[in-house]
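Okay, here's what each chain looks like letter by letter:
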Amino acid sequence: MSLLEEPIRELGRRLREREISAVELAQAALARIEAVDPAVGAFLRVTPELAMEAAVAADRTLATDPGGAAALCGIPVAYKDLICTKGVETTAASRILEGFVPPYSATVVERLAALGAVPLGKLNCDEFAMGSSNENSAYQITRNPWDLERVPGGSSGGSAAAVAARLACATLGSDTGGSIRLPASFTGVVGVKPTYGRVSRYGLIAFASSLDQIGPLTKTVEDAALVMTAISGRDPRDSTSVEAPLDGFLEDLHRGVEGLRLGVPREYLEVGIEPGVRKVFDQAVSSLERMGAVVEEVSLPSTEFALSAYYVIAPAEVSSNLARMDGVRFGPGFAGAKNLREAYETARHQGFGEEVRRRIILGAYALSSGYYDAYYLRAQQVRTLVARDFEQAFAKVDAIVSPTAPTAAFRLGERTADPLAMYGTDVLTLPANLAGISGISVPAGFAAGLPVGLQVLGPYLGESICFRIAHSVETESRLWQQLPPVAGLAG
Amino acid sequence: MISPSQTGWEAVIGLEVHAQLLTRSKMFCSCRADYLGLPANSNTCPVCLGLPGALPVINEEGVRLTIRTALALECEIPEFTKFDRKNYFYPDLPKGYQISQYDLPLSLRGRLDFQVEGRSVRAGITRVHLEEDTGTLHHAGEIQTSAFSLVDLNRAGVPLMEIVGEPDLRSPAEARAYLATLRQLLVYIGVNDGNMEEGSLRCDANISLRPIGTEPLGVKVEVKNMNSFRSVQRALEYELERQTEVLEQGGRLVQETRGWSELEQRTVSQRSKEVAQEYRYFPEPDLPPLLISRARVEEVRADLPELPAARRERFQSQYQLTEEQARLLTDRPADSRYFEDVVAAGVSPLLAANWQLGDLQGLCNAANLEVANCRIDPGSLAGLLRMVENREVTAKVAKEVLARGFETGESPAEMVRSQGLGQLSDADEIAGWVDQVLTEQAQAAADYLAGNERALGRLVGTVMGKSKGRANPVIVNQLLRERLSRPGG
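Residue numbers (the numbering used here), protein chains in the order written: chain A, 1 to 491; chain B, 492 to 980.
Among the hints, erroneous ones may be present.
Said to hold, decoys possible - Some chain A residues close to chain B (C-beta under 7 Å, calculated; not the full set):
| no. | residue |
| --- | --- |
| 1 | GLY203 |
| 2 | VAL242 |
| 3 | PHE305 |
| 4 | GLU317 |
| 5 | GLU342 |
| 6 | THR346 |
| 7 | GLN350 |
| 8 | GLU354 |
| 9 | ILE361 |
| 10 | TYR365 |
| 11 | SER368 |
| 12 | TYR371 |
Stated by the list, open to error - Covered, in the sense of this in silico footprint (three residues per stretch, anywhere, with C-beta under 8 Å from a C-beta of chain A), are these stretches of chain B:
| no. | region |
| --- | --- |
| 13 | 521-530 |
| 14 | 582-592 |
| 15 | 669-681 |
Stated by the list, open to error - Label-pair ranges, simulated between beta-carbon atoms:
| no. | chain 1 | residue 1 | chain 2 | residue 2 | range |
| --- | --- | --- | --- | --- | --- |
| 16 | B | ASN532 | A | GLY333 | 43 to 51 Å |
| 17 | B | SER533 | A | ASN339 | 46 to 54 Å |
| 18 | A | LEU340 | B | GLU501 | 33 to 41 Å |
| 19 | A | ASN339 | B | ARG515 | 36 to 44 Å |
| 20 | A | LYS86 | B | ASN532 | 50 to 58 Å |
| 21 | A | GLY333 | B | THR636 | 46 to 54 Å |
| 22 | A | ASN339 | B | GLU815 | 54 to 62 Å |
| 23 | A | VAL101 | B | ALA825 | 27 to 35 Å |
| 24 | B | ARG787 | A | ASP418 | 52 to 60 Å |
| 25 | B | ASN864 | A | PRO236 | 50 to 58 Å |
| 26 | A | PRO103 | B | ARG515 | 49 to 57 Å |
| 27 | A | TYR371 | B | ASN856 | 56 to 64 Å |
| 28 | A | LYS86 | B | ALA825 | 52 to 60 Å |
| 29 | B | GLY528 | A | GLY333 | 25 to 33 Å |
Hints were generated in silico from the structure; no laboratory data involved.
Where a beta carbon is used, it is the ideal one built from N, C-alpha and C, also for glycine.
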């Protein structure tokens with residue numbers, strides 16, 4: 001078995017007992033990337049020198065103080081290209097940031113580096129995280145390791161595919177409307193969307209500031225809980241981050257679901273769930289019931305408005321957040337522009353892809369005077385209702401379970417011509433972002449050979465209950481031990 | 492040109508004042524707020540450069556100083572306030588939006604009382620809110636002809652307070668007085684340095700005309716680019732005349748922004764505002780709303796110093812000063828502190844006021860110094876004035892040693908003592924000079940005896956001169972009269 005196929009805790013044990021070295025592990029990861037990634041396209045940039053440097057340092061720590069070494073010491077990780085890495089080009093998969101080398105690292109990158117994690121490189125995504133298939137990257141297509149003709153989901157498609165193909169032990173993505181959970185579901189990995197404020201956004205190139213959260217993608221739930229333990233917590237540089245205890249992330253994992261009340265939102269099953277996905281979901285629910293959970297139907301009545309509200313609020317924030325990309329300091333520039341207005345138009349038209357431009361225009365329109373009340377304000381009211389729906393549901397149940405997405409991974413090119421069909425992909429995930437609550441997607445089965453995820457939503461700061469339920473599902477299915485066909489390329 | 496009052500038009504003026512706050516760091520990052528004189532773009536970080544991924548963090552001191560200002564202007568401080576984004580593109584605005592405040596500012600509904608041409612005027616304050624300053628652009632000569640724009644972001648993110656005044660001002664003179672009073676207040680409470688030339692205090696004006704006696708407002712013109720009290724008054728006078736002429740000739744004014752050209756002494760149209768600016772304001776999602784507790788407001792209020800108007804009144808009643816003296820001594824906080832320090836050292840207030848505003852101020856003016864920063868500290872002025880009060884030194888000598896101390900930093904009182912310049916009251920010594928003078932100036936003595944009182948003055952002056960100003964003039968006088976009343980003397 002390849003080293004990269006083992007869970008983090010097992011690798012940690014072997015590193016501490018000096019059965020393997022961090023350098024060997026990093027070399028194994030880099031070799032796998034070289035062998036497998038040409039077929040997958042998960043990485044935009046591989047950083048072997050930084051990886052080896054960090055691995056050597058990790059080995060020093062592991063040799064001198066194996067007991068004190070962090071759980072992630074020597075563990076190969078990689079970052080969505082939306083996360084700033086000091087000295088390493090960070091493009092958000094956009095032309096307009098081509099050549100942008102941040103002079104600083106995101107807080108999450110600093111935290112993982114301080115613990116001795118080994119950075120392998122930067123992962124592809126939809127441009128500025130806008131998309132559900134990774135097809136909006138300005139640089140390359142990322143393919144689903146389970147079927148190379150299909151999308152890995154988005155926007156953290158590279159982060160999901162890298163873990164699915166076992167190119168990294170853990171990756172970080174960002175989830176604004178499902179951008180971690182959806183690709184996790186499509187590629188058969190675990191993906192966490194933390195409570196809003198749980199993880200610092202400092203250094204995450206903003207898509208929609210009030211919805212964005214950084215979270216891990218991993219092979220197993222325990223791996224996810226380990227990474228979450230490392231990256232969570234208040235950051236003085238992010239005023240929206242919260243101070244909250246992390247108790248239970250790891251401790252509660254094995255407590256099972258006996259006696260837990262799980263809600264299935266009626267409205268979530270009415271959005272046109274593919275039969276194969278529905279079947280996997282029903283089996284997962286039955287399995288949870290067999291393990292002692294009490295499953296009941298709950299209602300989230302504002303669900304039907306959530307998608308529309310999301311596609312007002314997120315673009316509104318986009319239109320402002322992306323204004324700094326004005327061609328003055330980043331991007332292809334504005335040669336030939338005759339005046340300031342033309343300079344901006346040239347730089348932004350050439351720098352941004354179609355979907356990004358579409359959302360900027362949508363958002364600018366929604367915020368314009370005369371339309372503000374009808375769109376932005378109305379959407380914020382819906383947002384309040386969505387949050388209230390969840391509060392009422394969580395008064396009755398401990399967690400909510402649903403399919404992560406209505407379908408399994410679709411074919412490359414299948415939805416690119418129809419933005420609305422693409423937006424619909426996020427219908428089951430984005431309400432959690434509007435409400436700011438915690439969620440996770442865990443592999444639950446296969447439909448026609450493609451992975452299908454179960455989404456578990458917990459209340460505000462309720463990550464530990466999500467982990468506990470997801471861990472039970474995982475323990476029952478042991479799906480994480482199944483590898484996608486492309487893993488065979490590693491030889 | 493036609494003057495408005497002759498033609499029945501009334502000016503309606505409101506000022507928008509931007510004041511940089513005297514915090515140590517910028518509004519949303521830890522770069523220095525004092526950016527002047529630093530190499531371009533050296534006072535920057537990912538936050539104020541607006542780099543992708545960087546996030547703002549509120550500077551609490553900026554909030555406190557804004558509340559302090561709002562309280563000094565008797566504003567209401569709502570319990571709930573928030574920051575908003577004001578979106579527009581310009582190269583000096585690195586994020587493409589300015590973090591500002593829109594519908595729920597830190598404070599509302601205040602007022603400012605001021606004097607103009609002997610009248611008391613009260614103007615409303617619409618709001619005081621907090622935002623961040625932009626960077627600066629540099630060009631080769633004029634912006635229109637420069638081949639390039641250089642962007643310097645050292646100033647970007649400096650805390651900027653906007654004080655929006657109600658359109659309660661009715662003349663350029665009122666606008667000037669309002670601004671001067673506001674500036675004095677800001678400097679007094681230590682929130683701003685009051686420097687209009689360097690732009691840490693900036694003023695825009697909205698001005699429209701309407702027929703006297705009518706309510707509806709006319710077409711509003713915004714005037715920018717005024718960087719002194721004088722230019723505010725001149726620019727508004729110019730606008731008043733220009734608008735009056737247009738209206739008198741039956742023309743139509745356009746809503747626009749005009750810039751004041753100091754060189755040409757006129758306003759020049761910059762851009763039309765017929766179409767409202769679209770700033771797409773929305774709540775800043777990177778910053779949580781602020782809850783301002785009543786306890787915090789009271790804490791800031793308790794910390795407010797005595798304000799200029801109150802101090803002026805107190806100086807008149809407590810120290811029996813004239814209104815003019817009180818006004819001059821309270822103009823700047825440092826001056827009133829100086830004065831009160833001199834009085835506290837045991838000098839009578841009137842004498843202290845006369846000397847501070849007279850000789851000392853004169854010396855300072857000539858040297859382009861402020862009283863508080865000159866080499867005569869309050870203790871040393873008090874030492875000298877106590878000698879004057881105790882008649883240990885004549886006023887003439889006191890003025891001389893003050894001037895010398897002002898130059899050298901020596902203590903004037905010490906000079907009097909060490910150089911033997913103290914006032915002489917020894918009648919025998921003075922009598923010697925008196926007799927000498929009566930001999931030398933026989934004609935003057937004769938004139939006096941013939942009834943010319945003024946001749947005595949000449950004699951006194953000469954005696955004083957012989958004593959190098961040190962003789963007690965009362966004794967000199969007395970001795971001269973004694974001698975001259977004795978026939979044959």
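The hints, checked one at a time:
no., hint, in the structure
1, GLY203, "4 Å, holds"
2, VAL242, "10 Å, violated"
3, PHE305, "20 Å, violated"
4, GLU317, "6 Å, holds"
5, GLU342, "12 Å, violated"
6, THR346, "13 Å, violated"
7, GLN350, "16 Å, violated"
8, GLU354, "20 Å, violated"
9, ILE361, "12 Å, violated"
10, TYR365, "9 Å, violated"
11, SER368, "6 Å, holds"
12, TYR371, "10 Å, violated"
13, 521-530, "violated (count 0)"
14, 582-592, "holds (count 5)"
15, 669-681, "violated (count 0)"
16, ASN532(B) / GLY333(A): 43 to 51 Å, "19 Å, violated"
17, SER533(B) / ASN339(A): 46 to 54 Å, "30 Å, violated"
18, LEU340(A) / GLU501(B): 33 to 41 Å, "39 Å, holds"
19, ASN339(A) / ARG515(B): 36 to 44 Å, "39 Å, holds"
20, LYS86(A) / ASN532(B): 50 to 58 Å, "19 Å, violated"
21, GLY333(A) / THR636(B): 46 to 54 Å, "22 Å, violated"
22, ASN339(A) / GLU815(B): 54 to 62 Å, "55 Å, holds"
23, VAL101(A) / ALA825(B): 27 to 35 Å, "49 Å, violated"
24, ARG787(B) / ASP418(A): 52 to 60 Å, "53 Å, holds"
25, ASN864(B) / PRO236(A): 50 to 58 Å, "39 Å, violated"
26, PRO103(A) / ARG515(B): 49 to 57 Å, "23 Å, violated"
27, TYR371(A) / ASN856(B): 56 to 64 Å, "60 Å, holds"
28, LYS86(A) / ALA825(B): 52 to 60 Å, "47 Å, violated"
29, GLY528(B) / GLY333(A): 25 to 33 Å, "31 Å, holds"
Hint check: violations occur at hints 2, 3, 5, 6, 7, 8, 9, 10, 12, 13, 15, 16, 17, 20, 21, 23, 25, 26, 28; the rest are consistent with the structure.
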